[in-house]
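**Q** Listed here are the chains, written in short residue letters.
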Amino acid sequence: MKKIHFTYRLAICTVLIFAFNQCDKTVEDTYFEPYPETSLDADAGNWKTYILANGSEIPVPAPEDASSTAYQSELADLKAKMAAATAEQQELARRWGANGVSRWHEIARELAAQYNVPPNYNADGTYPAPDPMNPTAYPRFPFANPPYASRAFALLAVAQYDALVTAWHAKFQYNRLAPYKNDASIQPLIPANDLPSYPSEDAVVAAASRELLKFLFPGEKELVTALAEEHKNSRLWAGSNVQSDLSAGDSLGAAVAARIIAYAKTDKMGQANNQAAFPNLRADAEARGITQQWHSLDIPVRAPMLPFYGNVKTWNFDQATLVAIRPPAPPAIGSAEFETALNELRTMSQNRTREQFRITTFWADGVGTYTPPGHWSRRASELIAEKQLNEIRAARVMALLTTAMQDAGIACWEAKFYYMFPRPTEVDPAVTTATGIPNFPAYASGHSTFSAAAAEVLSYLFPDHESDLRAWAQEAADSRVYGCIHYRFDSENGLDHGKKIGEYAVQRGQTDGSE
Amino acid sequence: MRKLLLAAVLLTAVFQIASAQMPNDGLMMGNRQWCTLLQYTHTSWDEYWEGTNKRSNLNLGTFTGQNVMLMTNFGITDNLNVMAGVPYVWTDSDSYLDGQSGLQDLSVFLKYQPFKTAMGGGDFKVQVTGGASIPVTDYVPDFLPLSIGLQSKTASLRGILNFTHGSGFYVTAQAGHTWRSNITIDREAYLYDNELYYTDEMPVPNVFDATGRLGFINNRIQAEVMLDYFTGLSGDDIRYNEMPLPCNKMQATTAGVFAKYFIWQGLAVQASYGQVLSGRNFGQGTTISGGVTYFFTLGGQSQSTE
Chain A
1 MKKIHFTYRL AICTVLIFAF NQCDKTVEDT YFEPYPETSL DADAGNWKTY ILANGSEIPV
61 PAPEDASSTA YQSELADLKA KMAAATAEQQ ELARRWGANG VSRWHEIARE LAAQYNVPPN
121 YNADGTYPAP DPMNPTAYPR FPFANPPYAS RAFALLAVAQ YDALVTAWHA KFQYNRLAPY
181 KNDASIQPLI PANDLPSYPS EDAVVAAASR ELLKFLFPGE KELVTALAEE HKNSRLWAGS
241 NVQSDLSAGD SLGAAVAARI IAYAKTDKMG QANNQAAFPN LRADAEARGI TQQWHSLDIP
301 VRAPMLPFYG NVKTWNFDQA TLVAIRPPAP PAIGSAEFET ALNELRTMSQ NRTREQFRIT
361 TFWADGVGTY TPPGHWSRRA SELIAEKQLN EIRAARVMAL LTTAMQDAGI ACWEAKFYYM
421 FPRPTEVDPA VTTATGIPNF PAYASGHSTF SAAAAEVLSY LFPDHESDLR AWAQEAADSR
481 VYGCIHYRFD SENGLDHGKK IGEYAVQRGQ TDGSE
Chain B
1 MRKLLLAAVL LTAVFQIASA QMPNDGLMMG NRQWCTLLQY THTSWDEYWE GTNKRSNLNL
61 GTFTGQNVML MTNFGITDNL NVMAGVPYVW TDSDSYLDGQ SGLQDLSVFL KYQPFKTAMG
121 GGDFKVQVTG GASIPVTDYV PDFLPLSIGL QSKTASLRGI LNFTHGSGFY VTAQAGHTWR
181 SNITIDREAY LYDNELYYTD EMPVPNVFDA TGRLGFINNR IQAEVMLDYF TGLSGDDIRY
241 NEMPLPCNKM QATTAGVFAK YFIWQGLAVQ ASYGQVLSGR NFGQGTTISG GVTYFFTLGG
301 QSQSTE
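Sequence order for the protein chains is A and B. For what it's worth, our numbering labels the leading residue of the first sequence as 1, then goes sequentially. For what it's worth, our numbering labels the leading residue of the second sequence as 1, then goes sequentially.
Bound-form chain B, shown alone:
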């Protein structure tokens, strides 16, 4: 399993790189199968896009975001999975500004596979994921890029197409939409699109995202390359030489690789690497992660996924 991305995580460039029974991949847990992931992720950048202009900022230096994520996925039936996860996030920079830390947002997803058919020497599957997230602590959202999240409640809906050949090669395409609630910030006026709003309510843009994956999986290994894109569907740009705000239109295209090795019984290790290629109001982050998954069948014998 992999970490949730979610657009929630701002300039930290934390996002979904790869797969294994995540809300946005093509894999499903079988009936009564249970998989849990513990993963560490490290993101850093020293350049970011201020609007569409890439720049560095000597007063910020290098930004570092890290998190530890616990995520679990249970197969209610072969065609219906439920997942939940929450990350502990901490941030820092070279500036004198305080790094932030804390539990971020709890996410819950239902993943449903309405259609699966044999074709072309493999299986073609259609899946739909609905999800919601809610902040679990009162972290500060209006202190970007050091905030650990945006405090927005979200709901998401995504569709996934997967073809896995009998040889183990697979291809997955997914696209999703995330609705994000407005938030309450700690001040009572702010500039949005160069106009002053006399309110502490700030809009957080909804997000569209899409991912393509190409990979190989068998009962010992999984390897994958991916390309991910997400964009805020509204929002303004960071004002020149100012700090980012939760109402900014954030956008990024990220390339990544992912690998998983099934060690013994239900135990596996996994790692990923991602690089933001282009963006808007977003850090050009390099992300690495490493994690351990444990898989077993409730009331049955432990086995590898898929």
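With the rest of the complex left out, here is chain A:
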């Protein structure tokens, strides 16, 4: 539980502040409570994996028998650790006990928000670039903008998912009972279940997440290593795993993570910020007849955000499909259709209602936030808690969602730099905005594409929330028009595009062996 505490407090305060009792500046945010898991998914070891060939590709060594001296001594050690656990450690056991997958995505969102800061300009008008070799020096690496964050969330989710499928395969291969099933004197702090405990699904998730976040946020190695230790230890404090469950889980999680990182090193993200080649994109667009092109509105002019992110490897469809489903060309600048769209924004920037401003801010997810993919990742965490999904179901939700959102980011970026369409304010400076203007071309709207893809996947996974989810995607798309940083056709075509992208992830979900 995180709190903002302000120690400055006077008794008189309670007298003076009659109508509102806010002397105590404590702000609490909630976390999910541990819940009993509703299903075992005993066949999840056969579910379709993303990077691994299957759930048995990486072998897990056989555990010691429950009757062995080694295991009995582990049980004794576990009981000693439980007895010695402090109140704070018991609280941590409950916090991690809710859902490890969700908790690590929460950590990833926090890192994304902390690192989502565009570098400031130098005195000479140039911009420094983050250096992955020196991640803690200013400007810190990475700049976790929406494309970067969408990839980070997807790689994290895929590592967790592939590792858990492998873990499930081993769990039901060896069928080691949980410590509290082997020793009735152990009273776990979090709800018991019938899941075989070797290898520990929590240690698998902790290790896979640790390795991915070290790779994605190299300046945070110490933090994520400490968190992974806390996560694993929480299972001892909770009485849910013995040490060998955790050690095997850690080895497995790390081994799967290494495979995902090897994939990530060849996904073409390394070339996404190739600014030297950016003029080629302009020339290509010009050759297609696009003469009035986007330019940066930042002062000094800033190089566009990841102009070659559109070439990064997609998860759920191939490059030919990406081209085939690219949004149709936007209306020509100066056409009647274009003028209608621009006029809407001219009027909007003069007459924005308070509710439209609220919606703009709610969905802005700009600098210093977890980005639009983070917004939807949070929604997914809430739905996972509501449905009390087990670790592997949660990991499947996150993998389907985040891969769809990264695909949305990639396909949207490809379209943005294909059409190179200027922002409304560039065409008419009279269009003032209620949020910052992103530093890349307008068409189509990234928020709309991310959100429609997310809503499509989450509607498949949580059908009873479909109407809310689709309404949120529509509101996210509208928010960019209310904010006056997008034309309505950016948002509408972005929604259409995102929905198609989400459908590919849904198709995968329908055939991954989990239904």
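To be clear, the hints were calculated from the coordinates, so they are not data collected in a lab. Watch out, some of these pointers could steer you wrong.
As the list claims (entries may be wrong) - Straight-line C-alpha distance at most 20 Å; calculated SDA-like pairs for lysine to any residue:
1. B:54 / A:122
2. B:54 / A:65
3. B:116 / B:163
4. A:221 / B:116
5. A:81 / A:214
6. A:387 / A:38
7. A:214 / B:194
8. B:54 / A:117
9. A:221 / B:194
10. B:54 / A:124
11. A:221 / A:134
12. A:79 / A:65
13. B:54 / A:38
14. A:48 / A:508
15. A:79 / A:185
16. B:54 / A:121
17. B:54 / A:138
18. A:81 / A:183
19. B:153 / B:137
20. B:54 / A:514
21. A:48 / A:460
22. B:54 / A:508
23. A:214 / B:153
24. A:313 / A:272
For chain A, the structure is supplied; the task is to place chain B on it using the hints.
**A** For chain B alone, kept in the frame of chain A given last:
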């Protein structure tokens, strides 16, 4: 009378520069005396402190904040005054971001003078002011520096010491504490002190402020120099190259001059100038203001203040 400051007004550097029957000066209205102020204030800056680092921001350019303030003060007795005021504020910058405008917060104060004695050829007075404020419109607080206010409800308590010599020279010292409520912002997560909070509730720091004034007053003129300091008592710094937030620890030291001229009967004009000298998470604003006050005695003859 002068405008209310109040820490409410963020990077706009709008604050109390001078005096004349304000919550934080040493003057009182007499029994049944009534004074009303209408004042225009203009603040601008093109440099601000990001934490304690002073910088400019080409993407923001020059910030301009303006307001028109209506404030009234009534003497319930010689030793107890009640005041109320509300400003209409509008902001702008060189950026493409929308300037904001609207009625801001309604403030009400009770000022009590428990002690007054003749000494050293003049009068020594002790006063206490208690106040409260509440936003009167649903303006956007989380759009700094262009927001017109912070949406926080406040309560304040301050003590004032004043010595006015028979010649008209006076010296005033005051210090106050303002409690500010947490606010609800339009988004459901934000970074505070580099940690992510999953809530739309945001803390707004309480404020301590102190002012020293040196001036001269008679029945025709008033002139004053002042030095004002205020600081948030908690809060974080603006993150590097990001926008300010209502939870930031704002701080400023401001020097100012104030003059008032009593034209005829109860009518007077006044003007002030202030300059922020140092600050934290605050604009280095230059502020000018001009206003008109009208003073009369209920059921009696109009006369000059004091």
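**Q** Now look at each hint and say whether the structure bears it out.
**A** Results for each hint:
{"no.": "1", "hint": "B:54 / A:122", "verdict": "holds (15 Å)"}
{"no.": "2", "hint": "B:54 / A:65", "verdict": "violated (66 Å)"}
{"no.": "3", "hint": "B:116 / B:163", "verdict": "holds (10 Å)"}
{"no.": "4", "hint": "A:221 / B:116", "verdict": "violated (65 Å)"}
{"no.": "5", "hint": "A:81 / A:214", "verdict": "violated (28 Å)"}
{"no.": "6", "hint": "A:387 / A:38", "verdict": "holds (9 Å)"}
{"no.": "7", "hint": "A:214 / B:194", "verdict": "holds (19 Å)"}
{"no.": "8", "hint": "B:54 / A:117", "verdict": "holds (19 Å)"}
{"no.": "9", "hint": "A:221 / B:194", "verdict": "holds (17 Å)"}
{"no.": "10", "hint": "B:54 / A:124", "verdict": "holds (18 Å)"}
{"no.": "11", "hint": "A:221 / A:134", "verdict": "holds (13 Å)"}
{"no.": "12", "hint": "A:79 / A:65", "verdict": "holds (19 Å)"}
{"no.": "13", "hint": "B:54 / A:38", "verdict": "violated (56 Å)"}
{"no.": "14", "hint": "A:48 / A:508", "verdict": "holds (9 Å)"}
{"no.": "15", "hint": "A:79 / A:185", "verdict": "holds (9 Å)"}
{"no.": "16", "hint": "B:54 / A:121", "verdict": "holds (15 Å)"}
{"no.": "17", "hint": "B:54 / A:138", "verdict": "holds (18 Å)"}
{"no.": "18", "hint": "A:81 / A:183", "verdict": "holds (15 Å)"}
{"no.": "19", "hint": "B:153 / B:137", "verdict": "holds (12 Å)"}
{"no.": "20", "hint": "B:54 / A:514", "verdict": "violated (57 Å)"}
{"no.": "21", "hint": "A:48 / A:460", "verdict": "holds (18 Å)"}
{"no.": "22", "hint": "B:54 / A:508", "verdict": "violated (53 Å)"}
{"no.": "23", "hint": "A:214 / B:153", "verdict": "violated (43 Å)"}
{"no.": "24", "hint": "A:313 / A:272", "verdict": "holds (11 Å)"}
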